[in-house]
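Chemist: Build out the structure end to end from the sequences listed, making use of the hints.
Residue numbers (the working numbering), protein chains in the order written: chain A, 11 to 370; chain B, 11 to 370; chain C, 11 to 370; chain D, 11 to 370.
Keep in mind the hints are simulated off the structure, nothing from the lab.
Certain hints may be false.
Copies of the same chain look alike in the list, so a pair counts if it works inside one copy or between any two.
[Stated by the list, open to error] Derived SDA-like pairs (lysine to any residue); straight-line CA-CA distance at most 20 Å: (1) K349 to G201; (2) K257 to E125; (3) K247 to A307; (4) K247 to D302; (5) K151 to D118; (6) K257 to D214; (7) K349 to R94; (8) K257 to D279.
Protein chains: 4
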Amino acid sequence: MNEKTISVSPRLRVGVVGAGYWGPNLARNFAASPDWDLAVICDLDADRAQRVADRVGGVPISQSLDEVLADPAIDAVAIATPARTHHPIVMAALAAGKHVTVEKPFADEQRRGAEMVDTARANGLVLMADHTYCYTPAVLKIRELIAAGDLGDILFVDSVRINLGLIQPDVDVFWDLAPHDLSIIDFVLPGGIDATSVAAHGADPLGTGKSCIGYLTMPLSGGAIAHIHVNWLSPTKIRQMVIGGTKRTLVWDDLNPQQRVSVYDRGVDLAGQSQATASDVHAARISYRLGDTWAPALAETEALSNMTAEFASAIREKRQARTDGASGLRVLSILEAAKGSLGAGGAPYPVEILERVEQS
Amino acid sequence: MNEKTISVSPRLRVGVVGAGYWGPNLARNFAASPDWDLAVICDLDADRAQRVADRVGGVPISQSLDEVLADPAIDAVAIATPARTHHPIVMAALAAGKHVTVEKPFADEQRRGAEMVDTARANGLVLMADHTYCYTPAVLKIRELIAAGDLGDILFVDSVRINLGLIQPDVDVFWDLAPHDLSIIDFVLPGGIDATSVAAHGADPLGTGKSCIGYLTMPLSGGAIAHIHVNWLSPTKIRQMVIGGTKRTLVWDDLNPQQRVSVYDRGVDLAGQSQATASDVHAARISYRLGDTWAPALAETEALSNMTAEFASAIREKRQARTDGASGLRVLSILEAAKGSLGAGGAPYPVEILERVEQS
Amino acid sequence: MNEKTISVSPRLRVGVVGAGYWGPNLARNFAASPDWDLAVICDLDADRAQRVADRVGGVPISQSLDEVLADPAIDAVAIATPARTHHPIVMAALAAGKHVTVEKPFADEQRRGAEMVDTARANGLVLMADHTYCYTPAVLKIRELIAAGDLGDILFVDSVRINLGLIQPDVDVFWDLAPHDLSIIDFVLPGGIDATSVAAHGADPLGTGKSCIGYLTMPLSGGAIAHIHVNWLSPTKIRQMVIGGTKRTLVWDDLNPQQRVSVYDRGVDLAGQSQATASDVHAARISYRLGDTWAPALAETEALSNMTAEFASAIREKRQARTDGASGLRVLSILEAAKGSLGAGGAPYPVEILERVEQS
Amino acid sequence: MNEKTISVSPRLRVGVVGAGYWGPNLARNFAASPDWDLAVICDLDADRAQRVADRVGGVPISQSLDEVLADPAIDAVAIATPARTHHPIVMAALAAGKHVTVEKPFADEQRRGAEMVDTARANGLVLMADHTYCYTPAVLKIRELIAAGDLGDILFVDSVRINLGLIQPDVDVFWDLAPHDLSIIDFVLPGGIDATSVAAHGADPLGTGKSCIGYLTMPLSGGAIAHIHVNWLSPTKIRQMVIGGTKRTLVWDDLNPQQRVSVYDRGVDLAGQSQATASDVHAARISYRLGDTWAPALAETEALSNMTAEFASAIREKRQARTDGASGLRVLSILEAAKGSLGAGGAPYPVEILERVEQS
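Modeler: Below you can see the structure in the form of structure tokens.
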């Protein structure tokens, strides 16, 4: 498992920046990867960095980002610091010629994220959004099924992510949790998430100063709809996404390890409609399919292990990562429109993409 | 079970009007009730009426509503006909001096429903909304727990009612399914549902001419929020309501017969806030309770049996039923605001109560 | 649904004998069947009979079995009386030339059951064991899958049927509940249940005078094993059967209406064994398949409706019913061996089949 | 969490012997414990030892058990080597004056285990059975509830532990899995497991040369019964224990992290029995309680963390550990009786306790 004999290319060298909540997971996965040498753990807090380093077999630590970026032996950095620091750290890393993967949210503002994307492109560097959930076996399978046309055209996406959660000091529940749902939806829909407006409804019934309960509604192309429910105040934990299509419907229940993904060959068929005039639409023949359910076997690889492999492949193949900067920007564009909708009392608010970077 | 020896009052006599989907259930429960004699099954379609009559032991049938209403031996009628016919039938029944219980939705328009309520009051008759779900043991228990303060102040209500459903010829998914959720929320919240605006988002991705997927969001008093998700296109069936309170949170999972109602003594405590100024609010001390879960035992009575008993009691005690006309109107007021919001592209729309009848 | 237009043969006429717990279900299904006319409800208690008759639209009642059996217009009787009365009633019915279906357990003793089977055969009449569970869509599908070889050779059957149950006055938990499991196993295994010995372990920790908790273990041919757990004292309800095969394994969870039957393409493969000598067996190459899970769509027909159809077909086609008297005897043979094992302190006890009637 | 500031006593020093499957978990927990200094990882395979050492921050390694035992600075050893090596390693460690905790099964033979217990007692050393499951928050809570009388007298214990499992080269499914169930039952029952006989039924339908499916049945004192189902061939994973008592019944579902332990205030009451003569017993008044369900909040500590704390406390307080050598012997006595029963074709086999060591 831990044997590093598979890779033929020379290993890439990575530094992990940020040794807080997420950094240890990055460190562990880079350390175990056949593609990577974990070169350094960087954090202003040396004790924190050391604890992470100890757990992966005594990697060097550094308290200086400049030092890490100045090291010519380092190819890439993985950034797991607070959102507001993403822009300066990423810009410095890109300036130093390093490839970058950065934790969600990609940036604290789409405008600053777009600058990061432009710079990476100008410098010919990989800038990856570490949308970790996209690399779970479940989401990779969902993307594959939709791409293969197994669901048909997508009719709706309904995502629920609720649990008793820490009330974050700096962000509301939308910015804390919805990036997961948005990045997943963006990843599995063939053209990415293409909402042109967002309606956001939030509630702060405890008076914390920020939304603790949130609902996002987005019309998608072709009359489809996406909806996300995020909630910090629910004592019952639900992580479920239903993706309805014209041919089949898929349910992803992330808390059911024995059957995370189910594909239902059931649904509503609307036949004879192509010939129907507008006034005939009520007479359209509707029928129901009640077919089998099928649960694909999923690999048991860890998402971050897949992410580190993708990061290495993108660098070696000189291509965009599957979750590239553009996907990071699309997620930010929805979050910013959600903020606009909240400010407008819940009225739908247009989604503005500052820089529509082409997806690879 | 079926023995009719409990009741001491003389039995009331009821006619069931409408022998379609719901009428047989009404017939069966009135027939089995110690409070009622089932006098007649009335339907324009004699065969349909006869089949219902046969299953309850040979009750008389009638094809004429006038005949039924003219019978002085009949005290009350239970109406299970299409929504657009509720107003004329109810008005005729009230004019004939009959007490009335009427299936959801109470009427097809709030204005016409208000006329029914006014007439019943003027005539001193009971006019009950047959909000059947409110009489399930689960909902009765939820109402009781909230009234006793077990949940504290209500912070949020999130209701999901999704399943593969028949696309109705005349109503959209909001009018078909949301009356259940709205009537339940209205029933369990101490002051009834008090939303002043509603945002509705619908989708019709199959092009049926009406919303098949719907989301309703309503701010409640005190910063709380209610949200309802109804969906005809989901192959996976969910009927779940989460009610969060300052003290405890309740989850009602109607498809888990072994534990329908769970009360979680978990949540977020926000302490020291009363002293805090607005700018201090981020520093408010937040703590988490991780206490026990408790699932109250529920009676195993059928909801309609409880409904028929309540209808009889209201008549005998000359009082409003627990689900009275006013509750029917409140549900209609939300549905009409939802229609307004849909027409306004999802912007929040004010709730207008034409006649705010006092709840008993 | 209720329309009786499908059948072309003239309808058969049936009397239901016994109007207690099970009789009303029989009456309802025969009344709704296109194959049958429900001719009479027979019970010593006229009130009880009348209540059943009323619910199916006013069928005649009788307090006299002799009267029913003497009626030449009656083709068949369905018997739902206490087990100890099965033998005399069935023998009388067969003597009167009636076809018979009889509730489980088939008889109170295998010896008496065998006499019933012999008499039916001698008289050219259908004698059916009403093993109702065998006619559920789930069990019919399981039988079909195993017959088609989808599971490969059967390795084990593990059945759990536990719930808070009424402590029966006359039978222990083995005779009350295990007939369900045994009849199902007999029905789905290609050659019927072929155990040659049974070990039974019971417990009566409340001192009721009979086992309230029971375990049955039976070696099956080919090194396979069947095990049944029945329990009246469990507050949690489980009805689950796992059937492991060399190719796939099937789980039937009867309390999960959304996915009752799941087929797992997972398991252990033992390769290269055929060439192996006894001493090599530890070196046999073992591998694991981790394939997909598949849940077949199931019809939504009621089991008793399928049973009444099968009863009619067997009569018309002059053949044994799928759950014939022989299957009833096999179930009794296991129950009697279980009694022997209990008497022997749990030691395995041989299964004796008094009359091995050939299965059609 | 990782801060080692709580402990006031000087830390004890431990060596972990065996760096295979379980050793890394021991190493991680001893390293994180405020009670312990992890002094050395010992394994014949230096690479394996080094990998474990690396993951806990660079602890020394050794390939020589003698060297480890000769080190006077080491107070204790934790042994995670194959079962057949437990006896020689434990005996050597005790001879060297080290306290010992040893992985399950305690030894490969009760006789050898008893020698270990005698030696530890003679030398005044702690010899602990690392029955890890007993230190999960769930099992600790179950023990506490039973000890407090919340369940009343125990009527039955039914344990299921089935999953697709590796077919072990040296042990059958009884010796591989049942030690978990047996050690748990021994831990939670007030007097420990007191079965006087065991019936074991195994099956090896794949011809692997050992039982892959196993059932154990044990009468307990007072008419109660314990039953264990272990299975390597089940593609569906179940880890569930039901413990029925005269007052309440408890269900532990280890795969339901949101509600692992449920206490049902439901059951059967047998009243008036004390006055009843034997012949009256059928007339005993039986009633059913259908009360609430309650799920206690559980701590989220790791079992091994609790185990290391208990090991340290037992050493410091010079007392037996909660899972002492005697409990290890009781588990072995059942496993050996099970082997006897298997050899006797499933007939109940007496449990022989070679050395009934008093439980602390």
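Chemist: Which of the listed hints are broken here?
Modeler: 1, 2 and 5
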